[in-house]
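Peer 1: Sequence:
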Amino acid sequence: MKQPIEQPVKKPIEQPMKQPIEQPVKKPIEQPMKQPIEKPIKQPIEQPVKQPIEQPVEQLIKQPIEQLQKQCKKLHQLQQKFEHQFNQQFRQQNEQLQQQQQQQQEIQQQQQEIQQQQQKIQKQHQKIQKQLQNQFEHFQKQCEQQLQEQLQQLYEHFQYQFEQFQKLSEQQIQIQLQ
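Residues in the sequence shown are numbered consecutively from 1, following the UniProt record's numbering.
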């Protein structure tokens, strides 16, 4: 039998324990504390309390109504003037037609010529009537539109004044309560 060869037991190599490297503790850099910048306290600007408009509500309503009445009166005058011009032109054309008819009866030889002129005049008359009608309708639409716009502006103006009046009233009540 073979005898086992004795091998020396391996001993671990002793190594010295690693010592931690001492590092100096970092101290925070001392900085001077920042002083808050002293700002002066803003004083509220004293504004005088607005006095409410010393106009009675009737006066506020009366002025625009009077303006509207004046505008309506102007519109009515323009309409009358327009109708007068229209009637005047219409009468003139009718008188021309009558004169031509009289000439037709008196002078039979010129009958064909007069008939042609009459037809032309009637066409012109129709054209003029159409033009005048169109102008009148256009004028009427413009007047209605202007009135509508003015009424809208007045309404917005009243609305604004009413809101301002409410704000002032509320401010005065607040001031009186304080």
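Bear in mind the hints are in silico, worked out from the structure with no lab data behind them.
Check each hint, because a few of them may be wrong.
[Stated by the list, open to error] Using 30 Å as the maximum straight-line C-alpha spacing, the simulated BS3-like pairs for lysine-lysine come out as follows:
| no. | residue 1 | residue 2 |
| --- | --- | --- |
| 1 | K123 | K74 |
| 2 | K73 | K167 |
| 3 | K81 | K70 |
| 4 | K120 | K70 |
| 5 | K74 | K120 |
| 6 | K130 | K120 |
| 7 | K70 | K123 |
| 8 | K127 | K70 |
| 9 | K141 | K127 |
| 10 | K130 | K62 |
| 11 | K141 | K167 |
| 12 | K62 | K127 |
| 13 | K127 | K74 |
| 14 | K73 | K123 |
[As the list claims (entries may be wrong)] Here are the computed distance ranges between Cβ atoms for each label pair:
| no. | residue 1 | residue 2 | range |
| --- | --- | --- | --- |
| 15 | Q133 | K74 | 21 to 31 Å |
| 16 | E163 | K73 | 28 to 38 Å |
| 17 | I175 | V57 | 47 to 57 Å |
C-beta atoms are modelled at their ideal positions from N, C-alpha and C, and glycine is treated no differently.
Peer 1: Are the hints correct? Go through all of them and say.
Peer 2: Evaluation of the provided hints:
1. Among the hinted pairs, K123 with K74 is inconsistent with the structure: their alpha-carbon atoms are about 33 Å apart, more than 30 Å.
2. Of the pairs offered as hints, the one joining K73 and K167 is violated, with about 36 Å between alpha carbons and a cut-off of 30 Å exceeded.
3. With a C-alpha separation of about 16 Å, the suggested pairing of K81 with K70 holds against the 30 Å cut-off.
4. Distance check on the hinted pair: K120 and K70 sit about 43 Å apart at the alpha-carbon level, beyond 30 Å; violated.
5. A C-alpha spacing of about 37 Å is found between K74 and K120, which places the hinted pair above 30 Å, so the restraint is violated.
6. Only pairs whose Cα atoms come within 30 Å are accepted, and K130 paired with K120 is accepted, the gap being roughly 15 Å.
7. Proposed proximity of K70 and K123 is contradicted: the alpha carbons are some 39 Å apart, above 30 Å.
8. A C-alpha spacing of about 34 Å is found between K127 and K70, which places the hinted pair above 30 Å, so the restraint is violated.
9. Pair hint K141 plus K127 holds up; C-alpha atoms about 21 Å apart against a cutoff of 30 Å.
10. Under the criterion of a C-alpha separation no larger than 30 Å, the hint pairing K130 with K62 is inconsistent with the structure, at around 41 Å.
11. The suggested pairing of K141 with K167 is violated, with an alpha-carbon distance near 39 Å, which exceeds 30 Å.
12. Of the supplied pair hints, the one linking K62 and K127 is violated, its CA atoms being roughly 45 Å apart against a limit of 30 Å.
13. The suggested pairing of K127 with K74 holds, with an alpha-carbon distance near 28 Å, which does not exceed 30 Å.
14. Pair hint K73 plus K123 does not hold up; C-alpha atoms about 35 Å apart against a cutoff of 30 Å.
15. Look at Q133 against K74: about 22 Å separates their beta carbons, and that is inside 21 to 31 Å.
16. Range check, E163 to K73: Cβ separation about 31 Å, and the 28 to 38 Å hint holds.
17. One distance hint, 47 to 57 Å for the beta-carbon pair I175 and V57, is violated here, with the actual separation near 22 Å.
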